[in-house]
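Undergrad: The primary structure of each chain is shown beneath.
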Amino acid sequence: MPEKKAGSEWYRLDNAGVLYSALQKETYSAIYRFSAVMDQPVDRQALQRAVDKTMPRFPTFRVRIKKGAFWYYFEPNDAPGPFVKTDISNPCQPVRFREDNGWLVRFYYYERRISVEVFHAVSDGGGALVFFKTLLTVYLREMGYTVSNTCGILDVDAPPRLEELEDAYGKYAQGKGRRAPKPGKAYQNAGTPEPFYTFNVTMGFCSVLQLKQKAKEYGVSITEYLTAVLMKVILDKQHREAPGRELPVALAIPINLRAWFPSETLRNFILTARPVIDPSLGEYTFEEVLHQVHHMLRLNMDRHKMRAELTGNVRFTKNRLLQIVPIILKNPVMALGYRVAGVRPYSGTYTNPGAFVVPPEMAPHIRRMEVILGQATIPRVHCASISYGDIMEITFAGTQQETDTERDFFRFLIRDGIAVKVESNRTQ
Amino acid sequence: MPYCVHCGVELDATATFCPLCHTQVLDPVQPPDTEAPKPFPTQRGEVAPVSKQELALLITAMLACVAVCCGILNLFLKPESGWSLYVIGVAAMLWLWLVPPLLARSMHLLLRLLVDVAAVGLYVYLIALDLNGQSWFWGLAAPIILWGGAILLLLGLVLRVYRRSAITTLTILIGSLGVFLVGVEYLIDLWLYSAWDPSWSLVVLTICVGMVIPLIIVRRIPSLRAEARKRFHV
Numbered sequence: 001m002p003e004k005k006a007g008s009e010w011y012r013l014d015n016a017g018v019l020y021s022a023l024q025k026e027t028y029s030a031i032y033r034f035s036a037v038m039d040q041p042v043d044r045q046a047l048q049r050a051v052d053k054t055m056p057r058f059p060t061f062r063v064r065i066k067k068g069a070f071w072y073y074f075e076p077n078d079a080p081g082p083f084v085k086t087d088i089s090n091p092c093q094p095v096r097f098r099e100d101n102g103w104l105v106r107f108y109y110y111e112r113r114i115s116v117e118v119f120h121a122v123s124d125g126g127g128a129l130v131f132f133k134t135l136l137t138v139y140l141r142e143m144g145y146t147v148s149n150t151c152g153i154l155d156v157d158a159p160p161r162l163e164e165l166e167d168a169y170g171k172y173a174q175g176k177g178r179r180a181p182k183p184g185k186a187y188q189n190a191g192t193p194e195p196f197y198t199f200n201v202t203m204g205f206c207s208v209l210q211l212k213q214k215a216k217e218y219g220v221s222i223t224e225y226l227t228a229v230l231m232k233v234i235l236d237k238q239h240r241e242a243p244g245r246e247l248p249v250a251l252a253i254p255i256n257l258r259a260w261f262p263s264e265t266l267r268n269f270i271l272t273a274r275p276v277i278d279p280s281l282g283e284y285t286f287e288e289v290l291h292q293v294h295h296m297l298r299l300n301m302d303r304h305k306m307r308a309e310l311t312g313n314v315r316f317t318k319n320r321l322l323q324i325v326p327i328i329l330k331n332p333v334m335a336l337g338y339r340v341a342g343v344r345p346y347s348g349t350y351t352n353p354g355a356f357v358v359p360p361e362m363a364p365h366i367r368r369m370e371v372i373l374g375q376a377t378i379p380r381v382h383c384a385s386i387s388y389g390d391i392m393e394i395t396f397a398g399t400q401q402e403t404d405t406e407r408d409f410f411r412f413l414i415r416d417g418i419a420v421k422v423e424s425n426r427t428q
Numbered sequence: 429m430p431y432c433v434h435c436g437v438e439l440d441a442t443a444t445f446c447p448l449c450h451t452q453v454l455d456p457v458q459p460p461d462t463e464a465p466k467p468f469p470t471q472r473g474e475v476a477p478v479s480k481q482e483l484a485l486l487i488t489a490m491l492a493c494v495a496v497c498c499g500i501l502n503l504f505l506k507p508e509s510g511w512s513l514y515v516i517g518v519a520a521m522l523w524l525w526l527v528p529p530l531l532a533r534s535m536h537l538l539l540r541l542l543v544d545v546a547a548v549g550l551y552v553y554l555i556a557l558d559l560n561g562q563s564w565f566w567g568l569a570a571p572i573i574l575w576g577g578a579i580l581l582l583l584g585l586v587l588r589v590y591r592r593s594a595i596t597t598l599t600i601l602i603g604s605l606g607v608f609l610v611g612v613e614y615l616i617d618l619w620l621y622s623a624w625d626p627s628w629s630l631v632v633l634t635i636c637v638g639m640v641i642p643l644i645i646v647r648r649i650p651s652l653r654a655e656a657r658k659r660f661h662v
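Protein sequence lines, in the order shown, are assigned to chains R and S. The numbering of the first sequence is the numbering used here, which starts it at 1 and goes up by one. The numbering of the second sequence is the numbering used here, which starts it at 429 and goes up by one.
Simulated from the structure, these hints should not be mistaken for laboratory data. Note that CB positions come from ideal geometry on N, CA and C, so glycine has one too. Check each hint, because a few of them may be wrong.
Stated by the list, open to error - Chain S is faced by these chain R residues, among others (derived, beta-carbon under 7 Å):
| no. | residue |
| --- | --- |
| 1 | D87 |
| 2 | S89 |
| 3 | E111 |
| 4 | Y145 |
| 5 | S148 |
| 6 | T150 |
| 7 | T202 |
| 8 | K421 |
| 9 | V422 |
| 10 | R426 |
Claimed, not checked - Calculated cross-link-like contacts (lysine to aspartate or glutamate; reagent style EDC-like; alpha-carbon spacing at most 20 Å):
| no. | chain 1 | residue 1 | chain 2 | residue 2 |
| --- | --- | --- | --- | --- |
| 11 | R | K421 | S | E438 |
| 12 | R | K85 | S | E474 |
| 13 | R | K237 | S | E655 |
| 14 | R | K185 | R | D236 |
Can you make the complete structure from the sequences, with help from the hints?
TA: The structure is reproduced here in C-alpha cells:
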C-alpha cells in the first residue's frame with residue numbers, strides 16, 4: 001500500500017495513530033491539551049486569524065479521519081474552521097470523528113489562556129508543541145508584536161516540508177524487530193468514577209530552580225525526581241489500602257524518539273518506558289525508588305533496543321493476517337489488546353515534554369504553560385508537566401472523585417522544601 | 429494569598445476550599461475573592477442531545493408503519509381471523525409507553541404509571557374480548573395488572589423520593605419481585621380454587637430473600653459498602 005496515493009491526498013495513520021483511533025470511545029480520550037497563559041486577555045478575533053493562517057502550514061493537523069474497510073486513514077479537511085471556542089470546564093473531551101466538521105484539533109480561549117487540544121493519532125506532544133509555538137507566534141504578530149522564527153517556530157508563509165509529514169516509525173523500522181515482552185499486572189490506582197462530563201483537573205505550580213536544586217541534591221534529573229515522587233505516593237497509597245498482595249507500581253513514561261533518531265516529523269514518534277517497583281519485595285524508601293527510577297529510565301535509552309521495539313510495533317501493524325481483518329472486528333481486538341498491554345501493566349502515566357523555549361521577544365507575553373492529558377480508560381489520574389521560564393506546571397487529570405494521588409504528591413513536594421501553588425477546576 | 433492549613437500549598441485567591449483535601453478556606457482578614465475570574469471556566473462542554481421530539485416522531489412512524497403493514501397483510505393472509513389487531517394493539521401499547529414521556533416536558537410518575545397500566549389493561553381486555561374471556565379477564569388478569577401497577581408505583585415512589593445507593597436499589601428491586609410473585613400466586617389461587625395455598629411463590633420469595641440478605645449486610649457495614657462501591661464502581 002503506498003504511503004500517499006497520487007490524485008487523492010490521503011495519508012496512512014502512523015503506528016501510534018492506528019492504536020489511538022481504534023481505541024476512541026466516549027469513556028476514553030486520546031486528546032491532550034497545551035495551554036499558554038498570556039500577559040493580556042485573549043483577543044478572540046486575532047486568535048481566529050492566527051489559526052486560519054497557521055493551519056495551512058501544518059497539513060498533518062489539517063485532516064479528518066475516515067473509516068476504510070480495514071484501517072482508518074486521514075484525508076485533508078477542507079471544511080470551514082476549525083473555529084476558536086470559549087473554553088469549557090471539562091477539557092480533553094473524547095474526539096467524535098463526525099462532529100465539529102471532522103476537526104481533530106480544537107482551539108479554546110478563557111481570560112488570558114489560549115488552549116489547543118490535539119487528537120493523539122494526529123501528532124504527539126513534540127509535534128503539537130511546534131504547532132502551538134508557531135500559532136502563538138502568529139497570534140502575537142496579529143496583536144502587533146514582532147517575533148522571529150527561531151526556537152523551532154516554523155515560517156507560516158513557507159510551504160510545508162516533506163520531512164515534517166514523514167512517518168518516522170516507518171523510516172526507522174529496520175533490522176531485527178522485537179516486541180516488548182508482555183508485562184504483568186500493575187496496581188491500577190483506580191478511584192470512584194465521576195458522573196459523565198466531569199473531568200477533574202488539578203494543577204500545581206512550582207519553581208524550576210527549586211526543583212533543579214532538589215534533583216541535583218539527589219543526583220538525578222527533574223523528570224526522574226518527579227517520576228520517583230509519583231511512584232512513591234502511589235506505592236504508599238497501595239500500602240495504606242492493605243490489599244492481600246501488593247502489586248507492582250509501574251508508570252508509562254512516553255519517550256520522544258526525535259532525540260535518538262533524527263526526524264523533523266510533526267506526527268507521532270514516541271515509545272513508552274516502564275519504570276516499575278515491586279513492593280512485594282519489601283518497603284522501598286524514597287531514595288531507593290529514586291535510585292531505581294534513575295537507572296531504569298537510563299537503561300531504556302538504548303538506541304538499538306528502541307529501534308528493535310519500534311520495528312516490532314511497525315511489523316505488527318503490517319502483519320498480513322491483521323491487514324485483512326475488517327476494521328469492525330479489528331477495533332474491539334485492538335481495544336482488548338490495549339487493555340491487556342496498555343492499561344493493566346500500568347498504575348498511571350507521567351509525561352514531561354520538557355521546557356517550552358521561546359524567542360526572547362516572545363517571552364514577556366507568556367506567563368506560563370500548561371499541559372493536560374485526556375481521561376484514561378479507567379477512573380485514574382494521568383500526570384503531565386511542562387516548564388516555562390522558572391515555572392514548572394504539573395497537572396493531575398482524571399475522572400475519579402478521590403484526590404489522594406495529587407494530594408500526596410504535592411504534600412511530598414512541600415515536605416521536600418518545594419513551594420507549590422495549586423489550582424483546580426473541581427467545584428466540590 | 430491563601431494557603432491550605434493541611435496541605436501547605438498556596439491556593440488561588442478565588443478558592444473557597446483546597447482542591448486536594450477539601451478543607452475550607454477560612455481567613456477572616458482576607459476572604460476568598462468573589463470578583464476575580466476563576467482559574468478555570470465553569471461552563472461544561474456537552475454533546476448536543478438528541479431532540480426528544482424527533483425521537484418521538486421516529487418511534488411513532490415506526491410503530492404506525494408496523495400497524496399499517498400488518499393490517500394490510502391481514503386482508504390477504506387469513507382474513508377470517510383478525511390476527512393483525514394483536515400486533516396493532518402491541519404497537520399502540522408501546523406507543524403509549526414510549527411517546528408521551530418524550531413529548532411531555534415532565535410527566536408525573538403517577539400519571540405515567542396510570543397510562544402504562546391502562547395501556548396493558550386495555551390490550552389484555554381486547555384480547556379477552558376476542559377470545560370471549562370476560563371471566564378470566566375480570567377474575568385474574570385485571571387484578572394481576574393492578575397489583576403489578578401498585579408495586580411499580582410503590583417502587584417508583586421509594587426510588588424517586590429517597591436518595592438511594594445502587595445496592596439499596598438492587599435490594600428493593602429483588603424484594604419487590606418476590607412480593608409481586610407472592611401476590612400473583614395468591615390471585616391465581618383465589619380465582620382457581622377460591623382459597624390461598626402458597627407454594628411456588630414462597631420458593632421464589634425465599635430465593636429473593638436469600639439474595640437480599642448479603643446485600644443488606646453489605647449496605648449496613650460501612651467498610652464493606654465502601655469496598656463494594658470501589659470494586660464495582662457504583
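Undergrad: Against each hint, give a clear statement of whether it holds in the structure.
TA: Against the structure, the hints come out as follows:
For D87/R, the shortest C-beta to C-beta distance to chain S is roughly 5 Å, which falls under 7 Å, so the interface hint holds. Hint status for S89/R: holds, given a least beta-carbon distance of 5 Å to chain S, under 7 Å. The beta carbon of E111/R is positioned within 7 Å of a beta carbon in chain S (closest approach about 5 Å), and the interface hint is therefore held. The restraint placing Y145/R at the interface with chain S is violated, with a minimum CB-CB distance near 24 Å, outside the 7 Å limit.
For S148/R, the suggested interface contact is broken, since its CB lies about 32 Å from the closest CB of chain S, more than 7 Å. Given hint, T150/R at the interface with chain S, is violated; its Cβ is 31 Å from that chain's nearest Cβ, farther than 7 Å. A least Cβ separation of about 5 Å between T202/R and chain S falls short of the 7 Å threshold, and the interface hint therefore holds. At its closest, the beta carbon of K421/R sits 4 Å from a beta carbon of chain S; the interface hint therefore holds under the 7 Å criterion.
With its C-beta approaching chain S no nearer than about 4 Å, V422/R sits inside the 7 Å limit, and its interface hint holds. Because the beta carbon of R426/R sits about 5 Å from the nearest beta carbon in chain S, less than 7 Å, this interface hint is met. At roughly 4 Å between alpha-carbon atoms, K421/R and E438/S fall within 20 Å of each other, so this suggested pair holds. Simply put, K85/R and E474/S have alpha-carbon atoms about 13 Å apart, close enough for the 20 Å limit, and the pair holds.
A threshold of 20 Å between alpha carbons decides the hint, and for K237/R with E655/S the separation of about 15 Å falls inside it, so the pair holds. Simply put, K185/R and D236/R have alpha-carbon atoms about 18 Å apart, close enough for the 20 Å limit, and the pair holds.
Of the numbered hints given earlier, the model fails hints 4, 5 and 6; all others are met.
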